[in-house]
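**Q** These are the residues of each chain, in order.
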Amino acid sequence: MTEMVKADLKNEVKNAQEYFENTGMRVLICSGTGCVANGAFDIFKKFRELGADVLYKNEDKKITTVKTGCHGFCEQGVFVAIPDLDVIYVKVKADDVEEIIEKTLKNGEILDKFLYEEPKTGQKFKNSAEIDFYKSQTKLVLNNCGKIDPESIEEYVYSRGYEALEKVLKNSTPEQVCEEVLKSGLRGRGGGGFPTGRKWQFVRANDSDKKYVICNADEGDPGAFMDCGIMEGDPHRLLEGMLIAAYAVGSDEGYIYVRAEYPLAVRRLKIAIQQAENRGFLGNNIFGSDFSFKIKIKEGAGAFVCGEETALIASIEGERGMPMPKPPFPAQSGLFDKPTLINNVETFANVPTVILNGADEYKKYGTETSAGTKTFALTGEVNNTGLIEVPLGTTLREIVYNIGGGLRNNKEFKAVQIGGPSGGCLTRDHLDMPLDYESLTKVGAMVGSGGLVAMNADTCIVEVARFFLQFTQSESCGKCIPCREGTKQMLNILEKIVHGDAALKDLDLLEELAEVVKLGSLCGLGKTAPNPVLSTLKYFRDEYLAHIEGKRCPAGVCEALKIISIDSARCVGCSKCTRTCPVEAISGEIRKPFVIDQEKCIKCGACIPVCPVDAISKN
Amino acid sequence: MIADTKNNEDKIFEKHRKFCKVNEIVKKYNYEKPNLIAILQAVQEEYRYLPEEIMTYIAMIMEISPASVYGVATFYSQFSLDPKGKYEVKVCDGTACHVRGSMPVYNAIKKKLKLTDGKFTTDDLQFSVETVRCVGACALAPVVLINEKVYSKVTPEAVTMIIDQLLERSGEGE
Numbered sequence: 007m008t009e010m011v012k013a014d015l016k017n018e019v020k021n022a023q024e025y026f027e028n029t030g031m032r033v034l035i036c037s038g039t040g041c042v043a044n045g046a047f048d049i050f051k052k053f054r055e056l057g058a059d060v061l062y063k064n065e066d067k068k069i070t071t072v073k074t075g076c077h078g079f080c081e082q083g084v085f086v087a088i089p090d091l092d093v094i095y096v097k098v099k100a101d102d103v104e105e106i107i108e109k110t111l112k113n114g115e116i117l118d119k120f121l122y123e124e125p126k127t128g129q130k131f132k133n134s135a136e137i138d139f140y141k142s143q144t145k146l147v148l149n150n151c152g153k154i155d156p157e158s159i160e161e162y163v164y165s166r167g168y169e170a171l172e173k174v175l176k177n178s179t180p181e182q183v184c185e186e187v188l189k190s191g192l193r194g195r196g197g198g199g200f201p202t203g204r205k206w207q208f209v210r211a212n213d214s215d216k217k218y219v220i221c222n223a224d225e226g227d228p229g230a231f232m233d234c235g236i237m238e239g240d241p242h243r244l245l246e247g248m249l250i251a252a253y254a255v256g257s258d259e260g261y262i263y264v265r266a267e268y269p270l271a272v273r274r275l276k277i278a279i280q281q282a283e284n285r286g287f288l289g290n291n292i293f294g295s296d297f298s299f300k301i302k303i304k305e306g307a308g309a310f311v312c313g314e315e316t317a318l319i320a321s322i323e324g325e326r327g328m329p330m331p332k333p334p335f336p337a338q339s340g341l342f343d344k345p346t347l348i349n350n351v352e353t354f355a356n357v358p359t360v361i362l363n364g365a366d367e368y369k370k371y372g373t374e375t376s377a378g379t380k381t382f383a384l385t386g387e388v389n390n391t392g393l394i395e396v397p398l399g400t401t402l403r404e405i406v407y408n409i410g411g412g413l414r415n416n417k418e419f420k421a422v423q424i425g426g427p428s429g430g431c432l433t434r435d436h437l438d439m440p441l442d443y444e445s446l447t448k449v450g451a452m453v454g455s456g457g458l459v460a461m462n463a464d465t466c467i468v469e470v471a472r473f474f475l476q477f478t479q480s481e482s483c484g485k486c487i488p489c490r491e492g493t494k495q496m497l498n499i500l501e502k503i504v505h506g507d508a509a510l511k512d513l514d515l516l517e518e519l520a521e522v523v524k525l526g527s528l529c530g531l532g533k534t535a536p537n538p539v540l541s542t543l544k545y546f547r548d549e550y551l552a553h554i555e556g557k558r559c560p561a562g563v564c565e566a567l568k569i570i571s572i573d574s575a576r577c578v579g580c581s582k583c584t585r586t587c588p589v590e591a592i593s594g595e596i597r598k599p600f601v602i603d604q605e606k607c608i609k610c611g612a613c614i615p616v617c618p619v620d621a622i623s624k625n
Numbered sequence: 361m362i363a364d365t366k367n368n369e370d371k372i373f374e375k376h377r378k379f380c381k382v383n384e385i386v387k388k389y390n391y392e393k394p395n396l397i398a399i400l401q402a403v404q405e406e407y408r409y410l411p412e413e414i415m416t417y418i419a420m421i422m423e424i425s426p427a428s429v430y431g432v433a434t435f436y437s438q439f440s441l442d443p444k445g446k447y448e449v450k451v452c453d454g455t456a457c458h459v460r461g462s463m464p465v466y467n468a469i470k471k472k473l474k475l476t477d478g479k480f481t482t483d484d485l486q487f488s489v490e491t492v493r494c495v496g497a498c499a500l501a502p503v504v505l506i507n508e509k510v511y512s513k514v515t516p517e518a519v520t521m522i523i524d525q526l527l528e529r530s531g532e533g534e
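First to last, the protein sequences are chains A and B. For the first sequence, the positions run 7 to 625 when the working numbering is used. For the second sequence, the positions run 361 to 534 when the working numbering is used.
Derived by calculation from the structure, the hints in this document are not laboratory data. Incorrect hints may have been included.
[Unchecked claim] Keeping only pairs whose Cα atoms sit at most 25 Å apart, straight-line, the calculated DSS-like set for lysine-lysine is:
| id | chain 1 | residue 1 | chain 2 | residue 2 |
| --- | --- | --- | --- | --- |
| 1 | A | 97 | B | 509 |
| 2 | B | 387 | A | 276 |
| 3 | A | 609 | B | 470 |
| 4 | A | 609 | B | 472 |
| 5 | A | 624 | B | 472 |
| 6 | A | 12 | A | 302 |
| 7 | B | 388 | A | 300 |
| 8 | A | 20 | A | 176 |
| 9 | A | 485 | B | 393 |
| 10 | A | 502 | A | 624 |
Isolated chain B (complex conformation) (with noise of 0.2 Å):
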């Protein structure tokens, strides 16, 4: 009982904390509609998707419409409504990446973390996986990027050696 209310104060304090960050955040971009898809990326950013309950708490402090922010948060690709996983990897899915064989490497990922069709984060939230639009690195293509390292001419089993080590080094940071 009492390691139960213990528990909810500690989701108060939780939820709490996430709002501050949150009115931290639109008061820096001055409660501006224009302003909207940088106040979602700042946000996106602290909490690495965007949670629905905060995207109606950011449409309440602005005075919009829960739509128009949902709108804008389903529009643009960047936008995640889903909780990514640690390591977030980046298939390029461009032209030039495409064609030098981007989809065997992102075939060798999925199957390497067990990712079946329609599931793109593991159960443990250490990986999440996606293709992504040309990232400018068309000459080194293909491409994939962790937590925004490039990593060029990848084939699929230099990606599968590459998973190889993210996983030892999160077995040892536990």
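For reference, chain A alone in the conformation it holds in the complex (with noise of 0.2 Å):
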């Protein structure tokens, strides 16, 4: 029916050099999702405005603008990187664009004021090898991200793209890539950590006239957002990935199942299919050999229970997201009761590096039993917050103090919650700890998919457990009861902590719960919903005593633990706050200190602004 066109890589990276060629001086801007609130558009059209026609030092060079992926390093943006001057400008705003032309582009001058400033020395940087949040990284699956064009078809050829795919095609059966990817030790990213190559085996060995490759693009982890990073910084990775695990499954038709909350992500996959269409990388008899493959993209419409692999094969069939019990694994009878091999988006991304590099050059990377590099979104009270890749086993003192420079205002560190409402928090202790799935396990928490938030001093951790609590309760799909009722139990006594309302055999219902919860749920949710509770309870028991039996918030967070309190040592005496009070809860003598009555006040703060010496505050 329609055209058949044969992929022709050689001919492809003729053009792909000539297309670089002439684009002459290339002027990086991150387009990433950060850097996009941040103004990245306006600066594009700016420099397309008035930049469009400059020539670099008057010499024969053309300047060409390229919007990118995510540079990770997002607290900085808008990034501008201009590599044949080694040179990269953080916090550019649009009404720089001028001065970056008349001066570095035209006469090559570097403008000090646009460089990254180190905040701990003030110091200068002025590219990537100098900065310590790049030092300390090593990018595989990230490594095109903030280089190249996620919309051109050319960069991804340039920078080696879809050279995998060629070779096994022309070079591997299938079972020699499933054991090529079972030899390199990669595991799903997803947060599960089983090993991809056995993954590959499974859906192999299943006979059927049709299997299904997916994606998991689901990213629902709040404070996670790798997979975006990859979708939109890269997206022709993950397609390559795709096709190449396809020809080892024996399958002939994929979907990658985004989820709605990531239309930048959803917009650069569209291009990228119909790119790798147009070239023959994706249809029939790709490079003339009998594998075919088609992609196609499935929007979510939030429900973090469709992360879980039955609930997102329910969800791409149109019904509800409801997990369903396994066996039969998707491996086996998945979409449409096809066999179908399900895998994240960096499982993916990581699968042409495996392929191109070899298993052995792949394990180099990583531990014995966590091959590879892993991605994280580092957040939180962390100096640098962006999105980051480094060998699995690094430290976490290397990831909070070398990558994200330390806690913000030098505050101290308290803990990091990795993986998201399923996983668990790592405290001082665990600063010197390798991360990798083995270790992670061993003391409650997981690599998840790779959030990464850090919490100082000022971070109360039961409202935190709280906050998990509340995100999986309200994402419970109601299928098992343990989950959906369990976890609303959960949650009322947590509010009870944190109202001070608490008494201590709570805490032992609590725990007790937990355990039913985890034991009582068919997915994923259910089973790692109590994570955060269990391992805040481990590592800060103390905390919860203090709000339960104290009635106090160590942290001074929660609100209705706070007292509102006259500082007698300031307090002139003048009885405004007492007029204020709506529930006369101060009274005092004239110029004298007067005094809060708590178990009258309502703690509504009115009296704070209205004191002349600032001598009430809440804590």
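Could you fit the two chains together into a complex? Lean on the hints.
**A** What follows is the structure, given as structure tokens:
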């Protein structure tokens, strides 16, 4: 029906080279979600308005502006990089564009004020090789992110794109591909950590006229955006990974299930699929082989549980996204009851690297049992937040202090929450523990999808546990009663604790409920929902006790436990507060210090702003 | 009396126009059950929410039960069975935003728009407010989305100013 296009990588590489020769000096403008929010498109427009025809240093060198994926260092956006001059400008605004064109692009002058400034020392750095945030990272999966235009297939091909696909189609049998991936030690990056090659072998072993490959891009963990970064920054890498997987398991149709909250990722994936189809990398008889594959995009509609594979399959089928008991596993009977391979975005994105460099080379990164690298979304109270990639087995200290640049305002490190609402927390005692699948499971946490939220002494750990439980509670699909009702009861107890209404026996009940929910739930959501509570109870029991017995919140976060008091040394006894108080809780003699009756006080705070000497505070 | 008839005709015409659009959408997706979510998304895009009569109509022309359409519509948080405001304010309450203070921002918005507990859309249908799950801009936390435009590192004060600006703008429009 449609005209068949035969992929010709040699020709494509030649075209890509020509394309690159003609781009001249490249100005890379970060256009990840973060930088777009900071005005990246305005900057791009401004460059186009002013700079499309300028020439570098009056030489014969053209300038091309390129929208790239995320540079990772979102805190410092908008990023503008000029590789030819080996310089990165940070925090660029549209109004700065003219100056950059005039001084830097036309005359080669490096402008100090746009360089990254190390917050601790005030030192300025010119490029990523010098900046701490980048120095300690190893970028395999994110290698192209921030360097290439995600909307251009030429740029991907130029970075050895689709070479791995050609390699397997021309030189390897599907069995060999499975074997190679297994040998590389690559494990599922969505959280579970199941050996990817083994999963592929299972799907391969099931005989069927039809098999599906699904990419799980329903990155629902609050505080995680790694998959988003890959899809926005290097969508072709994901397609290539899926293609190789499809060849290995014997599938001819694939789906990418993306959450609807990622409109930019969806747009770029659609462009990438279109380009790959036009070039013949997707379609029938790819590279002249008898392997054919097509990919469709399915947009989610906001349900965390759809990250679970059987629920995701139900959602693609147009049903409510409820999980099913396993077995049968998707590898046996998945989408439309056919054998189905489901991997997450990052797992697929690792595949081209594994194939291109070989399993042995890949195994050099990471630890014995956890090979390769892992991306993390580093957020919360650290100086440098953003998207990072490190070899598995890197210590938490390295991530928080070297890459993250320590905690903001030099506050003390308290804990990190790893793995989102299914994960647990790690404390100061774990700073030197290597982050890999086994070590994390041992201490009651998990790699999860890779959200890493740093917290300082001002973060109330009980409140954080309540937050995560509230999340899983509202996202519980309701199928299993222990999860549906148990999480609700657990949440009630946590609410009581943060409101100062709990008794000690509630803590026992909380732990008992946690075990029941864990045991009695079908899918990962319920099985892991109690983790944040259990792990914070394990490491920060004293904080729970302070809330329950002492009726106080050590971090000073929980509203209900705050006390409004008058500093008697400062109070001038003007009685202004008395007149403002709606419940007549403040009393005293004129010109002598006033006091607040804590029994009557409703903590509305109305008295605080009226005090002329700032003697009233809430804590 | 004449005005009434005219009014009725308008209503019938209006309803017909509504269903026309729905027909187009369902047809585009081949009346296939696996596309139900995409169909509902497209319908919601058009009407800003999912009116009950339209869900029943979709069930009828797709030859599935109204319960299964309703079941899907109520399962996913993206779908709304109530009308949304002209400005949809979404406060991200992912972990990073939560830790950096998204709730004070949310409360400030609700206070500013005089939305008490249990009410999320203003009476004049200008604003609706909700918390959403992580939007993937964690490094800029806390963030607020107003009709897909991202406002980063917002404070309760800043968000009140933003709403003031929007109120002014919608005032001019009328």
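**Q** Determine for every hint whether it applies to the structure shown.
**A** Evaluation of the provided hints:
no.	hint	result
1	A:97 with B:509	holds (19 Å)
2	B:387 with A:276	holds (22 Å)
3	A:609 with B:470	holds (20 Å)
4	A:609 with B:472	holds (21 Å)
5	A:624 with B:472	holds (23 Å)
6	A:12 with A:302	holds (20 Å)
7	B:388 with A:300	holds (20 Å)
8	A:20 with A:176	holds (20 Å)
9	A:485 with B:393	holds (22 Å)
10	A:502 with A:624	holds (21 Å)
Hint compliance for this structure: no hint is broken.
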